Amino acid sequence: MFKYTLKRLLAGVITVWFIATATFVAMHAVPGDPLLNDKAVTPEIRRNLEEKYGLDKPVFTQYLIYMGNMLQGDFGISFTQQNRRVNDIIRDHFPVSAMLGLLAIFFATAGGIVWGALTATYRNRAPDVVIMFLVILGISVPSFVFAALGQLLLVNINSWVGYSLIPVAGWGTIRHMLMPALVLGLGTMALLTRLMRSTMLDIVNADYIRTAKAKGLSPLRIFFRHQLRNAILPVVTILGPQIAAITTGGFVVELVFAIPGLGRYFVQAVQQLDYTVIMGTTVFYGAFLVLMVITVDIIYGYIDPRVQLE
Amino acid sequence: MLQCRVLNSPPVVYRMYCRIILALSLCCGFTSAAAIAQIEATSVDFKNQKITIALAQEPPQLNPLKATDQVSFFILGHVSEGLLRYDRRGRLAPGVAEKWEMDETGATFWLRKNARWSDGLPVTAHDFVFAWREAVAPITASEYAFVLFPIKNGEKINTGALDKSELGVTAIDDYTLKVEFERPCAYFLKLTAFGTYFPVRQDFYENRGERYAADVEDMLYNGPFRLAEWVHSASLKMVKNENYWNRESITLTEIDAAYITTDTTARLNLFKDGKIALTGLDSETIKDALNQKYRIRKFTTGSVFYLEFNFRDGRLTANLNLRRAMQVVFDPNELVNKVLATPGNLPGYSLFPVWLDGVEGKFRKEFPAKRINIDIEEGRRLVALARQELNLETIPPLILLVGDSPTAAKQAEYLQGLFKTTLDLDLKIDIQTFKQRLAKMTAGEFDIVAAGWGPDFNDIMTFGDLMASWNLNNRGRYNNPRYDELVRRAQNSTDPQVRMEAMAEVQNIIIDDVVILPEYEQAVVYLQHPKLKGVVRRIVGQDPDYTYARVVQ
Amino acid sequence: MNHSTTAFVADDFKPARVTVHAEQLSRPSLSYWQDAWIRLKKNTRAIISLYIVILLGFFTLVGPFVWTTDPTLLDLGQISQPPGFSKIALLVEPYQSWDGIILDDFPAEPDEYIEVIPPPENFRVVDSPTTQRVRLAWNPVDGAAGYNIYRHDHKPTAFNDLGLPLGSTFGGNEVSYEDRLDIDSSTYFYSIVSTDGIDESELYTVIEIKPRQIITVQAALQRGLLTAVEANTALGKEIKLEFHPLGTDALGRDMLARLMYGARVSLFIGIVAPLLFVTFGVAYGGVAGYHGGRIDALLMRFADFVVALPFLLFMILFKIAFGIGPGESGIFPMLLALVMLAWPATARLVRGQVLQIREEGYIQAARLLGARDSYLILRHIIPNTIGVILVTLTFAVPSAIFTEAFLSFIGMGVAPPTPSWGSMCNEGVKTMLSHPHELIFPALFISVTVLAFNLLGDGLTEALDSRLRSRE
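Residue numbers (this note's numbering), protein chains in the order written: chain A, 859 to 1168; chain B, 604 to 1156; chain C, 224 to 695.
Chain A extracted, bound-state conformation (with noise of 0.2 Å):
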């Protein structure tokens, strides 16, 4: 088991190498001058400027500081932010955005759960296409679109309760998150519905319900028991990829709702051409998934029996 942890996390070290690097390859083929401003300047504050980011040394000069500041924790000072490091701009704003993602994940798991275990239980009646219609909704509705509707919506619920019960945009209370995380977890709710709704239905024909059912164990004895709890096993797996992508695809949200999270930072970013600050974010985005996925496989040997960790 120990083993197994410390060869997952050394391939996922040098992942991260390899994320590293390739962002760096990318970002230096990016046309363009991060140093360009509005305001053209003359060659001499250019060269100090050039010197002050290291940018007048070769590319690769440049790739080996970068990777021995990295192994050292350090990604720089934000171009476009002149005073701000790289570590501290992750810092603030990392957290916002996992902690939407987490809301996100959580609304999405148990949104999934809930609906997929009503929709098995209630198969072909009232309950179960009503929810497989939202469904399809879910998964084909791009969320730029919830996000703009969830948005409106909240402001029509504020004027019609005359008070701003649920605010539209900002960050900072819990009632801050709740609309921009059921936007951002409704793609991942609509699949782990459907995912749920299927696993429930094969395992309604299991042998091992039936022999419960023989026993005359009770009704809800066995849905909680027995169905529940093995047609969870398939959510876990599929949730490390969706961590990653609820993390990474909350742009959107973020910008509608006004979020300071840290993919508002990238997209900036990249527009901006702000070196450090696009290392930053995707080496330390690249090290959180796979982490992440690391954590789920592992978690997934413990509540799976049958799941042998090599």
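Treat the hints with caution; some may be incorrect.
Stated by the list, open to error - Under the rule of at most 25 Å between Cα atoms (straight-line distance), these lysine-lysine pairs were calculated in the PhoX-like manner:
(1) K378(C) x K875(B)
(2) K901(B) x K755(B)
(3) K901(B) x K965(B)
(4) K716(B) x K910(A)
(5) K1134(B) x K843(B)
(6) K716(B) x K896(B)
(7) K890(B) x K433(C)
(8) K896(B) x K310(C)
(9) K1136(B) x K896(B)
(10) K460(C) x K433(C)
(11) K463(C) x K310(C)
(12) K901(B) x K378(C)
(13) K378(C) x K890(B)
(14) K843(B) x K1136(B)
(15) K843(B) x K910(A)
(16) K896(B) x K433(C)
(17) K759(B) x K716(B)
(18) K310(C) x K890(B)
(19) K968(B) x K901(B)
Everything labelled a hint here was simulated from the structure, so no lab data went into it.
Computed from a predicted structure; not experimentally measured.
With chain A fixed as given, assemble chains B and C onto it according to the hints.
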């Protein structure tokens, strides 16, 4: 401050009954500073004289020596003060300096003794000397160093030829500042109200080093307000500065920029929700605002937008007849009324906007710009002529370089359609992100580029030298000795008549030679909370200016 | 048999009649694909989706030949029109500029300060109002140093509700204003307020005006609404404007034509990108799986790396890194970025399948019989994985369409003027309240397409699952 000013600068307000700091301890062990909660915030609070606004973006650089953008200057204009400032009617007024004298060779400023930094120490002449020397020092790499070039040796220091101690500014004593000019500078007093001329205290600046102005406690304030809280990318709060010399004239106790977002729809929603006191509108959100029965205001930003041609060798646009052809079919009225379609924008007829002062009245009243009659037939004739001169069967597609904002794309598509249907001229639209567009502008990889210019100071020269051959912002490399000569003449004179006449000829050259094709003078429309009064919209300096604002009952 | 002859007759050579007692096989044998097709046909949802996909194909490929309106043609006379019938317009001459009215016998600056300046009287329209321009004039007011003009689409209910601040005049003697701002043929309420040069009086006068829809003869000629002969006598006559069944966008372009054109872009990316990366993934995974051992380990380790790249972040980064030149749509960079990032999933899947099939009995048997590698791959391995590949492909389409839409939505997708459904949504979402049709149609197309491919994918998964083969 220039092109792509964000339409809609923000405003706003409210009141906090309660702030909860959520310490988020996540799996990675980070604690979030970005999670500060506002509950029951309101846009305006009469009792406490607080307002809440939204910013379009986080101020990227609050170090006045290095700041270049509008949001940073907006904050700086509230928390700092230069020798002079602009009053609520937009006139120059005493700031840190009580009185001053200026002639062709230099100026002397007498500082008031009660001007103080937020830590209680007095603002002295040495703080200005230090700041200005730092700003022109090459090591600082300030992009705005050029505004200090009217001061003796400014440019030479900036290019590394002289040491920064050679700058023509001296503190005669703690409260007397003497400035020597490189050449006569008619508008120097206006410059002293500009952000790059703000004072910085040496001991504090050196103590903070790279971190200067990175956070609330890394900065000193001598303006009407000071920063009280700054949660990066989330919110920024300014409170009244009790050390400010003129604190009696300030009514607001708090300006809370509680939201930072570029999304105008989100900002309008915040306004509707009673969360912010001022928000800009774009052509999309304006209809929604109308339905809400809000009073819509407009304001002319003073920026001019235009199409700039590439004059480098081998470029088709170096051909005068081709440029003329585009000039005679392009109707700025149609662009303003049908494409931009927001009220207030003025059709562009000149590089010089209508608000610039002339000899006595407004420059454009004294020297009206020539009007071009729209004539499609003439346009076609000119294209044919250009084809002959260039020895081409057909004119190959021209490259139109634009930024990646939705408005820019819309304009580009409009121009593409216009030149195609009228002149049968093909345009290839080249949409690029900010830095890539700048790279291409600098390298001259375009035929036409959509550009804009916002004034840095309230004088015609802020626009006048734009197309001079030595100006690095002349991206099309237009080079006309006569133009250069006229600019030099205006720069070296303090006589308004001489200066304005030179500029009038410049205006004619720009139209006759089709150096640029003016598109429009920008206006913004915005909503302001009816109980918020005294907000000043400024063409030059911090905009909007809340310094003299108050909340009424 | 006592016929006593030994001779056989022809009848004797007829096959004996066999009476079969065994169970009769009443079903013709079906190939895997025939069976799958039969089962797919029973799945109504999948079949409907199939039809939708085919319809979309028609819409995209045949549509532009049926609906020949140019998707790039601007019509600034008809901006953001909702779906509906074509309008009737009056043919007029080109715009003539108007000098306005400035009074010589009235002071520009008021002589005396008046606390409450009344609004002007006789606020009126000069010339007939058209969608080209509305000209207003009024009587001067004592104490006024200028006037502000507002416009609204309903009758103002209060001073705060005057509507758009159209403009101002600067001088008490400037008593006219010409409005040309985006005028429609609907009813407007113009209001006027006096100012003392700094502050506005809160009193206003309103007039109601319904401008007439017009088109200049020149424009009509240019747009082919008139022939050159008709143009000579057309002034003052009425003419039908172009028909836009789904309305127009913010530059007056035909929505239907743009949706068709956008469909090409969206579906092209949605179908070609998956085809490319699935093909690559199959080849990659196939090689890895078939060879196994060290090659497999090495190849799959690399695939793991690529999987670990944060997808959207790298999509954006690659897309920008490849760059878009002048006049280019940016479709190719997006395609390339998608292919570079999306192949490993298929590769992993196919590798898994191949590893499994490789150990099957029939492969071992074929091998024993001396089959060559190429035979094994072509005859056994590919046919046995094709079902899985097909399903992957079907599901890859909607996700590729989503990716395109998402990138275009955040402004990093295809470059204008090329429309795609995503970029049309991006434009439409801002006018969601005033012109919902600009968002609804492209969003609907994305949703229906994604839905159809998803349901079809579901259907295929079931139909191609050999465990579920029909047994009747």
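Given the hint that K901(B) pairs with K755(B), does the C-alpha gap stay at or below 25 Å?
41 Å, violated
Does the structure keep K716(B) and K910(A) at a Cα separation of 25 Å or less?
Answer violated: K716(B) to K910(A) is near 38 Å, above 25 Å.
Does K901(B) pair with K378(C) here, judged by a C-alpha cut-off of 25 Å?
With a Cα-Cα distance of about 21 Å, the restraint between K901(B) and K378(C) holds, given a limit of 25 Å.
Pair hint outcome, K843(B) versus K910(A) [Cα-Cα no greater than 25 Å]
With a Cα-Cα distance of about 36 Å, the restraint between K843(B) and K910(A) is violated, given a limit of 25 Å.
For the pair we were handed, K1134(B) and K843(B), check the Cα-Cα distance against 25 Å.
19 Å, holds
With the threshold set at 25 Å, check whether the alpha-carbon distance from K1136(B) to K896(B) stays at or below it.
Status holds; Cα separation ~19 Å.
Between K890(B) and K433(C), is the straight-line Cα distance small enough, at 25 Å or below?
19 Å, holds
For the pair we were handed, K896(B) and K433(C), check the Cα-Cα distance against 25 Å.
21 Å, holds
Tell me if the straight-line CA distance from K310(C) to K890(B) falls inside 25 Å.
23 Å, holds
CA of K716(B) to CA of K896(B), is that 25 Å or under?
Not satisfied, since the Cα-Cα distance of roughly 49 Å exceeds 25 Å.
Given pair status - K716(B), K759(B), alpha carbons within 25 Å:
33 Å, violated
Check whether the Cα positions of K901(B) and K965(B) lie no farther apart than 25 Å.
Status holds; Cα separation ~20 Å.
The structure fails to meet hints 2, 4, 6, 8, 15, 17 from the earlier list, while all remaining hints are met.
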